[in-house]
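K.L.:
Listed here are the chains, written in short residue letters.
There are 4 protein chains.
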Amino acid sequence: MPTGKENAGLTLAQLAEIEELRAARHPTSRATVDALEALLHTPIPVLDHGFLRVVDYMGDDDAVVQAARVSYGRGTRRVSEDAGLIRYLMRHRHSTPFEMCEIKFHVKLPIFVARQWIRHRTANVNEYSARYSILDREFYIPAPEHLAAQSQANRQGRGALLEGAEAEEVLRVLREDATRNYDHYARMLNEDEQGAPVDPARAGLARELARMNLTLNTYTQWYWKTDLHNLMHFLSLRADAHAQYEIRAYAEAMVTCLDAWVPLTAAAFRDYRLGAFTFSGPMLTALRRMLAGEQVTQKGSGLSRREWEEMMTVLERPL
Amino acid sequence: MPTGKENAGLTLAQLAEIEELRAARHPTSRATVDALEALLHTPIPVLDHGFLRVVDYMGDDDAVVQAARVSYGRGTRRVSEDAGLIRYLMRHRHSTPFEMCEIKFHVKLPIFVARQWIRHRTANVNEYSARYSILDREFYIPAPEHLAAQSQANRQGRGALLEGAEAEEVLRVLREDATRNYDHYARMLNEDEQGAPVDPARAGLARELARMNLTLNTYTQWYWKTDLHNLMHFLSLRADAHAQYEIRAYAEAMVTCLDAWVPLTAAAFRDYRLGAFTFSGPMLTALRRMLAGEQVTQKGSGLSRREWEEMMTVLERPL
Amino acid sequence: MPTGKENAGLTLAQLAEIEELRAARHPTSRATVDALEALLHTPIPVLDHGFLRVVDYMGDDDAVVQAARVSYGRGTRRVSEDAGLIRYLMRHRHSTPFEMCEIKFHVKLPIFVARQWIRHRTANVNEYSARYSILDREFYIPAPEHLAAQSQANRQGRGALLEGAEAEEVLRVLREDATRNYDHYARMLNEDEQGAPVDPARAGLARELARMNLTLNTYTQWYWKTDLHNLMHFLSLRADAHAQYEIRAYAEAMVTCLDAWVPLTAAAFRDYRLGAFTFSGPMLTALRRMLAGEQVTQKGSGLSRREWEEMMTVLERPL
Amino acid sequence: MPTGKENAGLTLAQLAEIEELRAARHPTSRATVDALEALLHTPIPVLDHGFLRVVDYMGDDDAVVQAARVSYGRGTRRVSEDAGLIRYLMRHRHSTPFEMCEIKFHVKLPIFVARQWIRHRTANVNEYSARYSILDREFYIPAPEHLAAQSQANRQGRGALLEGAEAEEVLRVLREDATRNYDHYARMLNEDEQGAPVDPARAGLARELARMNLTLNTYTQWYWKTDLHNLMHFLSLRADAHAQYEIRAYAEAMVTCLDAWVPLTAAAFRDYRLGAFTFSGPMLTALRRMLAGEQVTQKGSGLSRREWEEMMTVLERPL
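Residue numbers (this note's numbering), protein chains in the order written: chain A, 1 to 319; chain B, 1 to 319; chain C, 1 to 319; chain D, 1 to 319.
Take these hints with a grain of salt, some might be off.
Repeated chains share a single entry, so a pair holds when one copy, or any two copies, can fit it.
The calculated SDA-like cross-link candidates involving lysine to any residue, where the alpha carbons are at most 25 angstroms apart (straight line), are [stated by the list, open to error]:
| # | residue 1 | residue 2 |
| --- | --- | --- |
| 1 | K299 | R288 |
| 2 | K299 | E81 |
| 3 | K299 | E20 |
| 4 | K299 | T256 |
Treat the hints as calculated values from the structure; they're not laboratory data. All values derive from a computational prediction rather than experimental measurement.
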């Protein structure tokens, strides 16, 4: 029998619907990507009850190339092949050809993750409305290996793992508070499956009010659609090591989809975004001196301590 | 001694800073609006612990006119005066001249209101981050006169007032759950004012994790900046009777600011947006028949029941 | 032998490529619309040398419904069928479900039309670059039936048809000036098909400079991609009778595509946008008085002359 | 007597109006920047007949800091001073605090420059409309020192200076064609200053049609408003050495305004954007090997020739 993790919290009816969508094969004259078709509709489990699934897409690596060639016309003949052209576009931040591709995800995610995610404004969103509908009884409880103390090194992010009695208490509190608040939410609503009162003696609180009692780890869901350029911008921030683990888990599932969808673009994205580093003017000056054989210190470089450390870390040099 | 309501939850230090900002008078050659200067920086209380205050602005009614005249050049000479030109622009949805003005608010608001608000993407936002900082111990608890049952007429919105024991229970639950969850949040953080551990035996949970235990009525705050066109689009949706009361309370405070800032535009906005109604093609056909003296029924009109009711309601005719 | 009009200025090689694209049939599990597949890739001729063709699309009427149902959840069960839900969304300007569909066009159009078009910012564009490449020797010359005098009624738009010697002179001047300027452009460039100098004694002017000698009726081309909501916003302005004929010709070709793509949405769009009219608050007051049997005059209505005329025209009542 | 260059093509009436605006000093409680007030309203001449002038602004360096502190709350106390915080935000591409400032320019520019400029979509624009109004008789003719041949090194940009008879011919052709086309435009319009026909025997062509005879170096004008983040994005592309000279001339005038407006942000912008370089993952690998004393060749680096050259150029190393 499937556990919550295996079917990402989907009902059997929903799983059957997904199977039906996957089985359908319509002929089209549009660009089609077999590797992404293989992923289409299927939920990729994320966190304890969440998922991410590709619901639709438009375009492929060729669409990027085609758009670049209309822009640069005869000029692009020189860049003889597609991979080279895509790498050139990525390197020089020519973003408009990447805007010609579009992808749509269905995502189930905790509300506090949704609040970070929605700050990316250049996307289209339809979220499940707790004003109109009743949210499901599902909350995110971190796995023990993701329960960390506040970082002491910087003011954001996580430090050492929380362990022992403290970890147990945290997990218990998170679970109890979310559960109790949901139960109170349900009681205040006073609605059964058909919307009829559970307790006929009470009127029931309006949904748009009752929802305020829920905790921020309650799961919500949405359709989220964006173009390839903005997807990569999102991923460069959220698939990064500095991103909060919970949103990074979704970003990593999206990188898997990116690889299947546009392999040439995904490879260029790794080289020029995820694995890249920008040197400021003063950093370049220090770098040139180092390459000329000079011994350069942080003080001598004119860089702040923090900048110096960032640069030396990326260069794999001793601080 | 000031209550929370009087100073909108601001500390004495913050109030003193606001007084200082208000007292400062810098000379400028920019367009300046005295009626808005009078409101500048001062928090307008909203809900039980929230506020909204204008922090900065750019442009005025003249800036709208000036932009329209550069667009339409000599053509605008015919529309002899400014009010007429502004009404013309509003009526014909020529939105770009209104984009030439900008306003910036500082807002303190419950998280569930922030979640509705952020769906308007054409604005600039900087929100207090619970990843970096610790949220204050303040939650929205509705006043008894805003505690309503779910509407039976439509699937959104509120119906009759909740009263008696049920109302008392709801208020008690909302207060207890928010308070308990906040206290557990604080305990899991294990940080005092200086960021040192309260209980040295515990490591403290990372802020970015602990926040998930908070309820959706916890207050957050942000700077929110938008242009006059997008502000009016926001207000046409959120100052409307169909908007949830809690966000409408903020929208109404913003309408007060709009009146002070751009009086000609605000008047046109009331006539052509807030007080307007769009008739569809089939509605116009029915209307023409009615004006010609014909007796038109819902069935005879070809309109759906719902459309018919919407039209007859706005026309103040019997259904 | 095909004329320019028949193949919309496309070369035989381009036509063959289009045939190949159309013949390809890939299986997909994505939503597919047969009526739009039938139009896919094929250029629809517009103006004398222009065209518009659908190159890709994503989603259909069902995708709009699906997005609305995730937003409104159980609440949407009441609106029993899809057409009714789409009409409801359109009427109440719930725009986000329409943003879930996307369409991409390849367009060949005169530069002065492109300049109007690009003012719509919520779209993705890749235009042929005259900085990198050499524009083709094609200009828009209006058909005699579109050669109109300046309107006397308003300061924009066209009035009576231009005829006789004046029309002949205008057409001759437009043709001669565009041709001469193009020939000088080509001479200044001094490049043959391979980019080698035609006249080895001259260096040739940089493309980015030479292009400034071209006239605004020179044809350019671009890929233009937008979502269904923004497409309809574009069409509500540009398929309107007040739009300049030359851009309206493109908008009308797009309406054809809209009909094939999302028939339910297209029907609602005609009723609630193209054929609709918004009554301001003061107009509604006058209307209610008229429906109550009162004789209302422009003066008595409090409306400006212009507003009165707009209202009476749409109501088909005598001024 | 002033020449066109001295007053940037403005009439005496316009210059008087500007003087009046500059002389006005209104008291305000908003943030005010004296160095930018000194530039306010005054046209900075650009190219032969163009200009750029700051018409309004909102915010300053402090507004960036204030927005960052609301976002990062107590966390920002560690970054003790404002310059350091601004540099941190710029380095880590935290863009939202920079969106809290806004600036509005009035610009007169050739149409082909406007066409490049408008591709930046995150701005507000009101352009002089040749549909409603008649354009002035002014065209851009490059100064002899900007008349360059097509670059042979890459497919965009300019190469060696054009000289002698060829340069003379180009300048003559540009001047003659623009002038003739404008004269024909005016003749087709057949309107005098008051809009009455010059030749009563002709009806005159509609403005929206006649404009198509103009050349792309004709001057237009617009109001252009954007936030500080998007302004810097624009400048990072258009104040760059790869940008076409004609748009770069405007960008450089805007950098002057940036320096006056937000000196801390402008300094960080120079270090982290204008003077910066992004190393890809493979470039970083090569760089680490070079710093470790290894002799690295292009072939050995795995980089393409073009990437290798870009990197070695920025490092000031032999190719």
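K.L.:
Taking 25 angstroms as the upper bound on the Cα-Cα distance, should K299 and E20 be classified as within, between, both, or neither?
P.N.:
Answer is neither; intra-copy 65 angstroms and inter-copy 40 angstroms both fail.
K.L.:
Please work out whether the CA atoms of K299 and E81 approach to 25 angstroms or closer within one copy, between two copies, in both situations, or in neither?
P.N.:
This pair counts as between: shortest inter-copy Cα distance 19 angstroms, intra-copy 46 angstroms.
K.L.:
How do K299 and R288 come out at 25 angstroms by Cα distance, when the copy is not named: within, between, both, or neither?
P.N.:
Classified as both: same-chain Cα gap 16 angstroms, cross-chain 22 angstroms, threshold 25 angstroms.
K.L.:
Have a look at K299 and T256 and pick one of within, between, both or neither, based on CA distance no larger than 25 angstroms.
P.N.:
neither (43 angstroms within a copy, 31 angstroms between copies)
The structure fails to meet hints 3 and 4 from the earlier list, while all remaining hints are met.
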